[in-house]
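Sequences and hints are given; from them, build the entire structure.
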Amino acid sequence: MGKKAEKAVENYRNGYTCSQAVACAFCEEAGIDEKTMFRLTEAQGVGLGGMQGHCGALSGAAAILGAVNSTAELEKTNSKGQTIQLSRKLTDRFREKNGSVICKELKGMETGEMLRSCPGCVEDAAEILEDILENR
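What the sequence shown shows, in our numbering, is residues 55 to 190, in sequence order.
Calculated from the structure, these hints are not laboratory results. Even for Gly, the Cβ is constructed at its ideal location relative to N, Cα and C. Worth double-checking, as some hints may not be accurate.
Unchecked claim - Calculated pairs, DSS-like style, for lysine-lysine (alpha carbon to alpha carbon, straight line, at most 25 Å):
#: 1; residue 1: Lys-57; residue 2: Lys-130
#: 2; residue 1: Lys-57; residue 2: Lys-89
#: 3; residue 1: Lys-61; residue 2: Lys-151
#: 4; residue 1: Lys-61; residue 2: Lys-89
What the hints assert, rightly or not - With beta-carbon atoms standing in for the labels, derived distance ranges:
#: 5; residue 1: Ile-138; residue 2: Glu-188; range: 14 to 22 Å
#: 6; residue 1: Thr-90; residue 2: Met-168; range: 30 to 38 Å
#: 7; residue 1: Arg-190; residue 2: Glu-167; range: 15 to 23 Å
In structure tokens:
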């Protein structure tokens, strides 16, 4: 496990949501202090809508991709295509590894078969994110 993934899992074990755990492990890369990142990603945990939606660990990772890749040129939104492609790469790789990107499916809420634990999702999202950031 890489250092960022270790930090993300540690964050999760310290009570952060899955989204906060991943995003806060990458504050330096995003140029955002941890307290602000923690606040910005709090509502993205537990699968957006209480396990109904997209995995929070992926949501946190996608927030980092936006913070790192966006040119923030409000008059010319020239970076959004590339940022969306990076987010797609993140999502596709996570789905390939775990069989889903939906929280309730990952947790086996309807099938009784867990595909991946929350700490595992946090670890995977952080590792994939780190690789994407290093190789973009």
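Evaluation of the provided hints:
At roughly 35 Å between alpha-carbon atoms, Lys-57 and Lys-130 are farther apart than 25 Å, so this suggested pair is violated. Proposed proximity of Lys-57 and Lys-89 is supported: the alpha carbons are some 20 Å apart, at most 25 Å. A threshold of 25 Å between alpha carbons decides the hint, and for Lys-61 with Lys-151 the separation of about 21 Å falls inside it, so the pair holds. With a C-alpha separation of about 16 Å, the suggested pair Lys-61 and Lys-89 falls inside the 25 Å cut-off, and the hint holds.
Here the CB-CB span from Ile-138 to Glu-188 is close to 19 Å, well matched to the stated 14 to 22 Å. With their beta carbons about 33 Å apart, Thr-90 and Met-168 fall inside the hinted range of 30 to 38 Å. Checked against the hint of 15 to 23 Å, the pair Arg-190 and Glu-167 fails, with Cβ atoms roughly 34 Å apart.
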